[in-house]
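Undergrad: Listed below, chain by chain, are the residues.
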Amino acid sequence: MSDLQNETGARRVLLVGDTTLDPLGRLLERGQETPQLRTSAAPYGQVYQILLDENHPAWSFRPEILTVWTAPDLTLPSVGKLLRFEFESAVAVYDAALREAEQFADAVLRAAPRVGLVFVPTWILPNHERWIQTLTWRKDIGLANLLAKANLILAEKFAAQQNIVLLDAGYWQASLGRPAHDPRMYAVAKILYSQSFFEKAAAEMKAVLRGSLGQGKKVIVCDLDNTLWRGVAGDDGADNIKLGAPDPVGECFHAFQTVLKGMRSRGILLAICSKNDETFALSVIDEHPAMVLRKSDFVAWRINWKDKAENLLALGEELNLGLDSFVFLDDSPQERDQIRRVLPQVYTPDLPKSPSDLAPFLASLSCFETASLGEEDFERTAMYQAERGRKEVIDLSGDVENWLASLQIKVHAARLRRESLARAAQLLNKTNQFNLSLRRLDEKSFWDWAEGSGNAAYTFHVSDRFGDFGLTGLASLSFADTEAQIVDFVMSCRVMGKKVEEALLGFVLAQARAAGADRVLAPPVDGPRNGPAKDFFAAKFLNDEGAVIDPARVGIPSQISLREESLEPESVF
Amino acid sequence: MDELIAILNEIRPGQKFSGAENFFDQGMLDSLDLTALVAALESRYEVFMDVDEIVADNFCNLAAIKTLLARKGVNL
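So the protein lines, in turn, are chains S and B. In the working numbering, each residue carries its 1-based index in the first sequence increased by 11. In the working numbering, each residue carries its 1-based index in the second sequence increased by 80.
What the hints contain is simulated information worked out from the structure, not anything from laboratory work. Do not take every clue at face value.
Covered stretches of chain B, going by a simulated chain S footprint (3 or more residues, C-beta under 8 Å) [stated by the list, open to error]:
(1) 115-123
(2) 128-135
Quick partial rundown of chain S residues pointing at chain B, CB under 7 Å, derived from the structure [claimed, not checked]:
(3) Gln-172
(4) Val-176
(5) Met-196
(6) Val-199
(7) Ala-200
(8) Lys-201
(9) Glu-210
(10) Ala-214
Pairs of lysine-lysine residues, derived as DSS-like cross-links and limited to a Cα-Cα distance of at most 30 Å, are as follows [claimed, not checked]:
(11) S:Lys-201 / B:Lys-152
(12) S:Lys-253 / B:Lys-146
(13) S:Lys-168 / S:Lys-150
For every residue, glycine included, the Cβ atom is placed at its ideal position computed from N, Cα and C.
Go ahead and model the full structure; you've got the sequences and the hints to work with.
TA: And the structure:
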């Protein structure tokens, strides 16, 4: 089985379809945006042969990603029959089409374990296929009804297979605003879709891939005046900014804030970077009756007269997040230009000129893609706010050791379980800084690896008196004779700087020794951003050559209480 | 003309398109490249190639492409 773990090289994508997909391949390979991809388009029309036969020549490309893109009327013959009214009984042909959809889904399921990730765009028909609008949604006979049901069959069949992503081609089609199909190119070269539709598909696939690889954006930093509301609050007065009904422009900014609030609720962090008087600006945010976002919706702010690049750097430091996870929204072209020049890693899009386009623009951004959505995401803002509280305490007390003790940090260690797998895989794939080996594995691959003989994976749940950090640590061991290797050692930046890593390593070392290992290795991988992990381990090695842990340098800090839970592997029954 | 060569090189990097007599006979482009070339020209020059124009003869060398584009009001 192949996976997505090779960090640096281009990932290989096999394109399988019932029409020519070469144009998609070219688009996926083109361009500098990550991840880099190499593609191979299998000869069209061999979908079942390729999916069912693991010895088919198409697999010699050794793909890590498989894209299966089919047209409903070609791959499901009965859809074609319903479309062209070639039937005696509409009900019978409708039923047959559903069975064909199940067959197709089963074939994809057979092929899925051969790769790390499978993309299946949902079935769509060209906009020009009007069919009979009176009947198209009618139960058991309508074409639109059938297509929806067939797509639902895919969704239901694929639900158990974690590495299959059903991509919403219907959304691509609707959002394109131009025909998705190109009858000319189909006549010339069996290319079903238009160039612009392939461009949309390629961009969306790359966005989803970035999400799977933990490269989605995590923070939105907003300007205030003319970005969250129309007007300059400091000059015009808080009562005179345009925000909310009945002013139409005010309505538009209200709608924009509503989209931002939704982003915050799904786990994107909001921050402010504005040239303003801090006390005054915060009072506008908390007191203006039409504000959707309040101070409690933001995890950090830099409201001052300093340079915005300097402020963004400070926000990155405060949140412990790389600036490449930042999006900066500012109405001023000059400010945007400056940030693009000085901090090119921050995504700084041009904002639409019309206020009415602001909310749709933000809602359509593809950079916030994520592989999963869990409890951690919904509570992220609250967790960062608790962090602000902790920092305020250290500012007051000044003594780090006392401060650590006052936090009453608790670490609960547990063997990796099914119910923690989604979050564990998210942590593994999203963490760049405190990550020893930068190994990236999708949920299924990680679970299979952890269940493998001689391997063990542990998760760490961290909390303190200010709140719960959630599952923020992950470690894994691989045993061979009397030697153990720490394969993964990952910690969320949320708990950095609290000696939690010391407790984690102490626990891992104890596990390794309890299993009979007298030497524990932790070879670090030299990534561009995992300095914190490398530095931590560098101080733990026996000698300068690195890799072998010196037990004398490892211990669980007295300020941290470590509890071990259910370390037995999950039972199958 | 340089722009046209750049478009062709984006489809087939490293090929020497200037001076070539027939891209297809000389193995520099294939039929899928032809569709990519049509898409690139349509997007760059905002023209529309009808289905009967998408034939190798119209795209077999720089002069042929130039003639086709000129017919659509694009003078290189």
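Undergrad: Each hint needs a verdict: does it hold in this structure or not?
TA: For each hint, the structure was consulted:
1. Coverage of a stretch by a chain is defined here by at least three residues with a beta carbon nearer than 8 Å to that chain's beta carbons; for the stretch 115-123 of chain B and chain S the count is 6, and the condition holds.
2. Counting residues of the stretch 128-135 of chain B whose CB falls under 8 Å from any CB of chain S gives 4; the rule of at least 3 is met.
3. A cut of 7 Å between beta carbons decides the hint on S:Gln-172: the least distance to chain B is about 32 Å, and the hint is violated.
4. Interface hint at S:Val-176: violated, since its Cβ lies 26 Å from the closest Cβ of chain B, which is beyond the 7 Å cut-off.
5. Checking S:Met-196 against chain B: minimum C-beta separation of about 6 Å stays under 7 Å; hint holds.
6. With a least beta-carbon distance of about 5 Å to chain B, the hint placing S:Val-199 at the interface is held under the 7 Å criterion.
7. Annotation: S:Ala-200 was flagged as interfacial toward chain B, and the flag holds, the nearest CB pair being 5 Å apart, inside 7 Å.
8. Interface restraint check: S:Lys-201 against chain B, minimum CB-CB distance 10 Å, threshold 7 Å, status violated.
9. For S:Glu-210, the interface hint is violated, since its Cβ never comes within 7 Å of a Cβ in chain B; the closest pair sits about 9 Å apart.
10. For S:Ala-214, the shortest C-beta to C-beta distance to chain B is roughly 15 Å, which exceeds 7 Å, and the interface hint is violated.
11. Simply put, S:Lys-201 and B:Lys-152 have alpha-carbon atoms about 25 Å apart, close enough for the 30 Å limit, and the pair holds.
12. Of the supplied pair hints, the one linking S:Lys-253 and B:Lys-146 is violated, its CA atoms being roughly 54 Å apart against a limit of 30 Å.
13. Between S:Lys-168 and S:Lys-150 the alpha-carbon distance is near 21 Å, which keeps this suggested pair within the 30 Å criterion.
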